[in-house]
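Enquirer: Here's the letter readout for the chains.
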Amino acid sequence: MHTLDKKILNDLWGMRGQAFAIMLIIGIGVAVFVMALGTVDSLESTRQTYYQRYHFADIFMSVRRAPETLVPRLNTIPGVQQVSTGIAHNVVLDIAGIDEPVNGLVVSAPEHGAASLNNLHIRKGRMVRSKATDEIVVTESFANANRLVPGSFFHATLKGQRRKMVVVGIALSPEYVFFSVPGTLAPDDRRFGVLWMDRAVLAEVFDLDGAFNNIALNLQPNASESNVIQQLNRMLLNYGGVDAYGRSDHMSHATLSGEIAQLSASIHIAAPIFLGVIAFLINMLMLRYVETERQHIGVLKAFGYSNVQIAWHYGKFVLLIVTAGVAIGIAFGIWLGRSVTEMYAAHYHFPFLDYVLSPVVLIEAVVTYGLAGALGAFGNVRRAARLEPAVAMRPALPPVYQSNRIETVGLWLALDQPTHMMLRHIFRWPGRSAMTLLGIAAAMSTFIVPFGVSGSVGHMIDTHFFQAERQDLTVSFAQERHSNALIDLVSYPGILHAEGFRAVLAKLRAGNKARRITILGRRPGTTLTRPLDKSSKPMLLPEKGVCLSASLAKWLGVGVGDIVELEFLQGRRLTRMIPVTAITASYLGMTFFTLNMDLATLNELMIEGDVISGANLKIDPTEKLNLYNKLKQTPSITGVISHTASLATMRRLLQETLKMTVVNGFFAATIIFGVIYNNARISFTERRNEFATMLMLGYGRFEIFYIVLSELALLTLMATPLGCIGGYGLSWLLTEGTANEIFRIPLHLSIDAFGIALLFTFGSVALSSLAILHLIARLDIVNVLKTNE
Amino acid sequence: MNTALDAEQSILFSVRDLTKVYRNDAIEVHALRGIDLELKTGEFIVLLGPSGSGKSTLLNILGGLDAPSGGQVLYRGDDLSRFNERKRTAYRRESIGYIFQFYNLIPSLTARENVALVTEIAPSPLSPEEALTLVGLQNRMDHFPSQLSGGEQQRVAVARAIAKKPATLLCDEPTGALDSATGVIVLEAIQKVSRKLNTTTVLITHNAVIADLADRVVFFANGKISEVCNNTHRRPASELIW
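First to last, the protein sequences are chains A and B.
For reference, each letter of the first sequence is one residue, going 3 to 791 in my numbering.
For reference, each letter of the second sequence is one residue, going 64 to 305 in my numbering.
Hints may contain errors.
[Unchecked claim] Computed footprint of chain B on chain A, listed as stretches where at least three residues anywhere in the stretch have a Cβ under 8 Å from a Cβ of chain B:
1. 80 to 86
2. 402 to 416
3. 699 to 709
4. 774 to 787
[What the hints assert, rightly or not] Taking CB as the label site, the calculated pair distances span:
5. A:Q311 <-> B:N87: 25 to 35 Å
6. B:A89 <-> A:W431: 36 to 46 Å
7. B:I90 <-> A:I271: 49 to 59 Å
8. A:Q311 <-> B:N293: 52 to 62 Å
9. A:H776 <-> B:A89: 58 to 68 Å
10. A:Q311 <-> B:H296: 52 to 62 Å
11. A:T410 <-> B:S73: 41 to 51 Å
By construction, these hints were calculated from the structure, which means they are not laboratory data.
C-beta atoms are modelled at their ideal positions from N, C-alpha and C, and glycine is treated no differently.
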C-alpha cells in the first residue's frame with residue numbers, strides 16, 4: 003500500500019466518529035432510494051406479468067341484461083381481440099362469527115376450457131364444478147380474514163333465497179387485487195369478499211339464462227380504447243349498459259397504480275433532502291480536515307507532490323466514505339427492497355413475486371450520492387490543491403474579526419466575554435452559520451414529515467367518521483324504492499332513526515373533461531350524514547344545483563356558478579345542464595367520485611318520483627343482533643356497511659402507518675443527530691486553542707462548554723421556525739405531491755409533531771453537547787498550547 | 064525600589080525533588096529529574112537552558128497546567144499536586160498570570176474584551192482599561208488581535224495576565240516571536256507591572272541577554288538545575304540590546 007494511502011486510513015480512523023455518522027446517513031439515504039425504486043420496479047413488473055398471465059381485461063362494463071347472441075357482434079368491433087361475458091351481483095352473506103351482514107359480490111366463474119378473461123389463480127382447493135349449486139371459490143384475502151378453507155361454508159341470500167355455500171377453492175384474480183365496497187374508505191377483507199359460482203347456477207338464480215350483465219374486453223395492440231368504448235356504449239345502450247370504462251377507471255387497477263405512484267413520488271421528494279444533508283456534512287468534515295492538514299499539505303508539496311496529486315489524495319478520503327456508505331446502502335437497500343416488495347406482494351395477494359432491481363437504479367444511486375459527495379468535497383479539495391507550500395507550512399493566520407452591527411445595541415455590553423465569543427463566531431462566518439442553520443432546519447423538517455403523514459390520515463379518519471358519516475349502518479336496496487320504505491325500515495328491531503338517500507351513476511362533463519361519478523341525493527338537514535364544506539365543517543345542502551368536491555372541481559376547472567353537464571347512466575338516461583352551487587371538502591378518492599345534491603332536485607331532474615336507493619341508520623346497540631338477522635334475511639337489501647367496523651379497519655390501517663412513522667422517525671433522528679454532532683465537533687476542534695487558553699486563564703470546563711452549547715442552541719433555536727415551516731412544506735409536498743386526482747389526504751399537522759421534532763432536535767443538541775463536554779474534559783491544555791508553538 | 068532580595072521575603076513556591084515523566088506507549092521521557100527550588104514573593108527569575116531541558120515543564124507545573132510525577136510543589140504551604148480539578152481551576156483563576164510565545168489571544172475578542180475575559184472571573188482585578196494602560200495600549204483597546212502588531216498583541220497578553228493582580232506571572236518565551244525592539248517594549252511592560260504589583264515573575268528564554276532583568280537566573284540542563292546565579296546588577300529592560 004502506498005504510504006499516503008496508509009495516512010488516509012489513519013486519518014479516517016482518527017475521525018471515525020464523524021466519518022461513521024456520515025457513512026450511516028449515506029447508507030440510509032441509498033438504502034431508502036434502492037429500496038423504494040426497487041420496490042416500484044418490482045411491483046410494476048409483477049403486476050404486468052400477473053395481468054398478462056391471467057388475461058386482465060382492458061375494458062369493463064355492466065348492463066342490466068343483454069343476450070349472449072350479441073357476443074359475435076361485439077367481437078366485430080374494430081380493435082377488439084376477445085370478449086368475455088358473465089354475471090355479477092351484490093349479495094348479503096351470513097358468516098358465523100360475524101354479527102353484522104357481510105357484503106359479497108358473486109361473480110360467474112370463468113368457464114371451463116374456454117379462453118376467457120380475468121382468469122383465476124387457484125391457491126387452494128379447486129374450481130367450482132359445472133352446475134354445482136352450492137360450490138364457491140372465494141378471494142384469498144376474504145378467506146384469510148374469515149379463516150375459510152376448502153370445506154368451510156356460510157349462508158347467503160341470493161334473490162331472496164337463503165342458500166348454503168361451500169368453499170371449494172381459494173383464488174386470486176387480477177380484477178380484484180384491491181377491492182372495497184363503494185362507500186367505504188378502505189378495503190375491509192373481513193366484511194367484503196368476491197365469490198365465484200358456476201355461471202349456469204347464477205343465470206338461473208338471477209334470471210339471466212342465455213344472457214349476461216357483465217362484460218370484459220381485451221384490445222388488440224394499438225387499438226383505440228375510446229373508440230371501442232364508444233361503440234360498446236352504443237351497442238349496449240338498449241340493454242341497460244352503464245358506460246364502459248377502461249383500466250384507468252377500474253377500481254382495483256387505479257388503486258394499485260395510485261399506491262405505486264405514491265411510493266415513487268415519496269422517494270423523489272425524500273432523495274434531494276438526503277443529498278443536500280450529505281453534501282453539507284461532507285463539506286463540514288472536509289473543511290476541518292483540510293484545515294488541520296495545512297502543514298502536511300505544505301510538506302508534501304515541498305517534497306514535490308503536484309496539485310493534482312494533492313487533490314486526488316484528499317479526494318480519496320471522501321471517496322472512501324462515500325463508497326463505504328453507498329456499499330452499505332446498496333446491500334441494505336436490496337435486502338430491504340426484497341422484504342418490502344414481499345410485504346407489498348402479500349398485501350396485494352399477488353400469486354408470485356417478480357423482484358427486479360434494474361442496474362439503472364444502482365447506477366442512479368451511485369451517481370447521485372457520488373455527486374453529492376463530490377459537491378461537498380469540491381471546494382475544500384480545491385483549497386488544499388491550491389495552497390502555496392510556504393503558506394501552508396506556516397500555521398494558519400488567526401481569523402480576522404471585526405465589530406458588527408449588533409454590537410451597537412446597548413445589551414451587547416451587558417453580555418460576558420464567552421457570550422461575545424460565541425456571537426462573534428456565528429457572525430464571523432455568516433455563510434457557514436447559515437449552512438448549519440439550514441442543515442438543522444432540513445433535518446428537523448424530515449423529522450416532522452412522517453408525523454405529518456400519519457397525523458393527516460388520523461385527522462381524515464376523524465373527519466370522516468365523526469363529522470361526515472356518523473351513521474351506524476348504511477343499507478343499500480336491490481333497486482330504487484319509494485321513500486315510504488323508510489317507514490317500513492324503522493319498524494325493524496333496533497332502528498332508532500333512518501335517513502334515505504339515492505345514489506345514481508352519472509357522467510359528469512365540463513369543457514372537454516368527463517368523469518363517471520356517483521350522485522348522492524339527500525334531504526337537506528340530514529343529521530347522520532352531512533356534506534362538509536372546504537374547511538371540513540358540516541354544511542347545509544343547497545336546494546338547487548350540485549356540490550362538487552374541491553378536488554373534482556379543480557380537476558374539471560369549474561367553480562361555484564359554472565354550469566356542468568350531467569348524463570344520468572340510469573333510468574331514462576337524461577342529460578341535464580346544472581349549476582355548481584357549492585364546493586365540498588375532498589379527502590381520499592370517495593369524495594372525488596361523489597357529487598352531492600338535494601334528493602328532491604335529483605329525482606325531479608331524472609323525472610322520477612320520490613325514490614331512494616338506500617338508507618343510513620342509527621341503531622340501538624342492544625338490539626343489533628336482532629336487526630342483523632332481520633337484514634340478512636331481507637331480499638330487498640343487497641348491501642350493509644357497518645361504520646363501526648369500517649372505523650376499526652381504518653384505525654388498524656393507521657396503526658400500520660404509525661409503525662412506518664417510527665421507522666422514518668428513526669432515520670430522521672439519525673440525520674438530526676448527524677448534522678448537530680458534526681457541527682458541534684467541528685466547532686470544538688476549530689477552537690481548541692481558544693478553549694485551552696481559557697482553561698489556562700482559569701475558566702472551568704463547564705464555562706467553555708457553555709460557549710459550544712450556547713452557539714449550538716442559538717443556531718438550533720434560529721433553525722426551529724425554518725425547520726417547522728420546512729416540515730410543514732415537505733409534509734404538504736408529500737401529501738399533495740403524492741396525491742393524484744383521486745387519492746388525496748388533506749394535510750393535517752398537529753402541534754404534537756412540532757413538539758416531538760423540537761424535543762428530538764434539542765435532545766440531539768444535548769447529546770452532542772455531552773459528547774463535546776467529554777472532549778473538553780479530555781482537553782490537554784499543555785499539548786494544545788504547545789501545538790501552537 | 065527594591066532590587067535585592069530581602070531575607071525576610073516570604074516564600075511563595077517551595078519545590079522539592081520534583082520529577083516529571085511523560086509516558087507514550089513504551090517510551091518514557093524524563094522531563095524533570097529532581098528539582099529543588101524556592102521562589103519568593105516579588106522575585107524576578109529567569110530560566111535559561113536548551114530546548115527540552117525541562118524549563119517549560121516546570122513552568123506548566125507551577126502554573127497548574129500539568130501535574131508532577133513525583134516530589135512536591137508547595138504554594139503558600141499548599142501542595143499543588145494534591146489539588147483536584149476544581150481547586151486547580153480556582154488556583155489558575157486567582158493566582159496565576161500566564162504569557163506565551165504565541166500570545167494566545169482570542170481572535171474574536173477586542174483587546175479590552177480579551178482582558179475582560181479574565182477580569183470577569185477574577186476576585187479583585189484591575190479594570191481592563193487600567194491593565195491596558197499599564198502596558199501602554201490605552202489607545203488600542205477596541206482593536207481586534209488581527210488589527211494589532213505582534214508586539215501589541217503580546218502586550219495585550221501581558222495586560223490580560225496581570226489584570227487579575229496575580230501572585231505569580233509565568234512567561235514562556237514572551238519575546239520569542241518578536242524582533243528585538245518590540246521584544247524590549249514587551250519586557251519593559253512585564254518588568255513594570257511585576258514591580259508595581261509585587262508579582263513573582265518566572266520567565267523562560269533562550270536569550271541570555273534577558274537574564275540581566277532577573278534577581279536570580281536558574282540554568283537548566285537535561286531535566287535538572289545545573290546552576291543558579293544571583294544577579295546583583297539588575298538592568299531595566301530599556302537598556303537591553305540583542
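Enquirer: Could you work out which earlier hints the structure fails to respect and list their numbers in ascending sequence?
Expert: 1 and 9
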